[in-house]
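**Student:** Protein chains in written order, with our numbering: chain A, 1 to 224; chain B, 1 to 264; chain C, 1 to 587.
If you are wondering where the hints come from, they were derived from the structure by calculation, not from laboratory data. Glycine is no exception: its CB is placed at the ideal position from the N, C-alpha and C atoms. Heads up, a few of these hints could be off.
Chain C regions said to be covered by chain B (calculated; three or more residues, Cβ under 8 Å) [what the hints assert, rightly or not]: (1) 74-88; (2) 269-281; (3) 337-344; (4) 399-412; (5) 520-529.
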Amino acid sequence: MPTTALPEVEWAPPKTSDNGHGGFHHDGHRGFDRGDGRGGPRAIPPADKYRIGMWCALGAIVMLFVAFSSAYVYRQGLSFDWQPLQALPVLWFNTAVLLISSLTFELSRRSLRRDHTTPFRAWLSVTAVLGLVFLVGQYVAWRQLAAQGIYLGTNPHSSFFYVLTALHAVHLAGGILALGFVLRGAVRGRFTSARRSAVDVTATYWHFMDGLWIYLFVLLFQLG
Amino acid sequence: MGLAIALVLLLLCVASVFLFSGHYGWFPPLVSTFTDYDKQFTLTLIVVAVVFILAQLALGLFVWRYRDRGNNQAKHIEGNNTFEWVWTSLTFVIFIGLGILGQRMWADLHFTEPPADAMVVEVTAQQFQWNFRYSGPDGQFGHTDPKYVDESALNFIGLDPHDPAGKDDIMTMNRMVVPVNQPVKVILHSKDVTHSFFVPWFRIKQDAVPGMTITIHFTATKTGEYEIPCAELCGLGHYKMRGVLDVVTPQEFQDWLKKQATGQ
Amino acid sequence: MSEAIHEAHVHHPPKGFIRKYIFSLDHKVIGIQYYFLALFSVLVGITLSLLFRMHLAWPNASWDFMGKLFPTGMPGGLMTPEFYLSMVTMHGTLMVFFVLTTAPQGGFGNYILPIQIGAEDMAFPVLNMLSFWVTFVALVVMMMSLFAVGGAPLSGWTAYPPLSALGSISGPGEGLGQTLWVISLAIFCVGSMLGALNFITTTLNLRAKGMTLMRMPLTVWAWFTTSILGLLAFPVLLAGGILLLLDRVGGTSFFIPAGLVVNEQLVHHNGGSPLLWQHLFWFFGHPEVYIAILPGMGVTSQLLATFARKPVFGYKAMVSAILGIGFLGFFVWGHHMFVSGMSPFSAVAFSLLTLSIGVPSAIKTFNWLGTLWKGKIQFKTPMLFAIGFVSLFVTGGVSGIFLGQTGLDLYLHDTYFVLAHFHLIMGVAAIFGIFGATYYWFPKMFGRMMSETWGKVHFWLTFVGVYCIFFPMHIMGIAGHPRRYSDPSNFKYLAGMSTYHQFITIATFITAAAQFIFLINLFWSLWKGKKAEDNPWHATTLEWTIPSPPPHDNFGGKVPVVYRGAYEYSVPGAKQDFIMQNSPEEV
């Protein structure tokens, strides 16, 4: 999974370097200036490799879910055996939980931008807990469906439901793992308003997972 | 070294002209109404041959002509926009032109309905044989269901024994008989995996996909026995999945139908 | 996370053997690891092709000694059809994924790209290591499938369901072997995506001062574009692989239609669609063709310029062509499916898009010829392979003009004509790119020169050999010989094909034997080759500004500054016939 990209992010800025490549970026010369006097300042600071990497990862994740979505639409359009499931109430609850978690993440980042360390850590922890609650909620949804006798192979809609929710859960678990690393760094006091690229990148991923879930929820239950 | 490369490329061009014009292995004779195929193939072959030979010979010539001779000097040329535009537009016109012309035969097969009087044959592929079915005198195919498949009773396609429309259906295995000059509509099915119905003499090929019904049509123009290889990997017996297409005179066809009907 | 030992400016490699050579974070070591992974796979792939070529030439001959080696696959020395198909399937899978995808990109891209843009390493070294080891695990699983109980997979490298989805019921090789095959590919997808992400970030973010986009060597452009293709195409194969795996083991029906009767058994599935797999597979599969060939195109441009002592003709046009091919490559997948039962209307659109992708390919060919024009060509071994690449690219490319036309594809689809086409263009041409790159960068990577004499012998045998193998296949396809037939003799109209098969098999054995010359040259030169200078080819790009082999941190802690484009050869008024990218020389 592209989520494995996350532990790569430098959670704790070392004393002498920003990426373990000591000094290499510190001369301030690297980047897009042309070296012949015609260039301007560099467009992308080096620390933002995490941002580029994250957007690449999101691009790959988008393609993965685009592929599943087109398979979904194609399969639904072709078959006579499509038996749509109803959205379980617990899924609405999970959706709310995940939405709130994005909000708490933003509250956490706002605190960090103002260097309010305690609320930063607190909201970050709340976010991680809400993420876990979401995963547990998804598991409950699976158990409820199984209790109704609806399994992976029961009908195409249930197949897609299990596959899409499982893949989303795997990706979200990656996000929680990343949050764990960020929290560890936060507890050790390694983030400040000036040094927060790991927090920002994780937030991008987190909000993306939130949006992805909304998309999947709509695709699975609100369309067709 | 440059000369050697040039000579090998020249040899390649000569050998390919020799191979492609000598017909040491070529299409089987065309015996259907899809005559556009061979015309389009020849046209494409001529265009491609010119492009191929020019490119290979230019490569050989440049490599030989501009070799390092010790005292010569490479010329610092970064490019030429006029050239770029010329060859871009030229190749675009040639390639797309051929592509558009190449749709004629496709349209004949896929965008033209078979005539209303076309004879209908149902083809059901399975590992590793071709099953053919004719509707018989009533002009209707009997209902089929996978649950009736019983190979020991030679009911390969699962014909419903209770459906009266199926009583007179004629079924054959690996042998398809059609009258000459008669448009034939083929309804393709597959029982298990994907197969491909290929009649080289007719220049047609169509996958038989399980779960799908695909129709194609053709008109044979010459009597004779033709082979139907399977052209999509279908398992270990793929290479021996062979059907025979027997193109006969209308009279012979009527006789054959009668014989099949009484044989049932 | 990164625990690489670092001091200010100069970095020393890790001390322990394992950290230095096995779980290394150094892009150079990882590049070499990828290269040897591909070398292993290509040896297995070639061996398999020798086995099935033997059978095709003499289908009824009995090879006693082979019977002892493969008691189940060749009982009594006679090859079974399922063994034949397994060989074909594994040959295709290993070559496409573990050779053509790994060596040009994971191997040379990893080693050379960071140096060519003036970086110390990839953007994410740990991720880079992870990409390699994930790919390695995929290879291990793939090799396990070769020896799986119930036979190696035999659904072809395209693994069309339902054949590949039904399990053992549809024949030998469809049990555990096919399951492992799917799992291996899914793992491979993950490794490739991680690699692609790393390449893109590295190219965008770690370029040295002055290394503007339009000063990047065309190799970098090719690796960069290839990474974008990989990043966007592999997830789609991953999705398809997950669905196929679930159809096999999870009781789902994504690709398996209802009411199948396989071997007289009714299969209980809902109404899935076999075509859905084909769409997912080829949406990945067509960009994959360019993933294999684009790096070879970049290498060819680099080599032609270096050894013709001329700038690449039309650098900007070349960059546009690479990007154009990459972009169009996502919209032509349907040309693999003209006879699949797909809508005939979309087939027309796919056909015209396919023919238009020939335009950037032609632009590349013209510009390569333009690069040679009025040059001063030095026939070093890498150059020979680059020239061979151009010839093979033309030959393999023009047959695409037949196959891209819906009408003509009706006959040629799935015949030997297709085999000729894709082997020449994405198989052999890409391999020539790898050979050219090997001979060219070997001195940089290992600090020693490979033997020129044996390199030339290797080139001539291989160049003539591959034409002898693949050119006659056009004719066999025109004669209507379908692919993946273990023995055409059941068909009367194919009676004339055995001469071709025998000729091709003999050519295959000679060409394969010629590869031993390469292998011996490679390993002999590793230890005994002549010491290489820093810049033995008098080339201009940044990798030639540093020692051979490069130090652990590439530039010894000094940051290179780039003053000019990548191909300044034979500039009038310059001191030498080349000016390196980091040279501030005013002309």
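**Student:** Any of the earlier hints contradicted here, and which numbers?
**Tutor:** Number 5 only.
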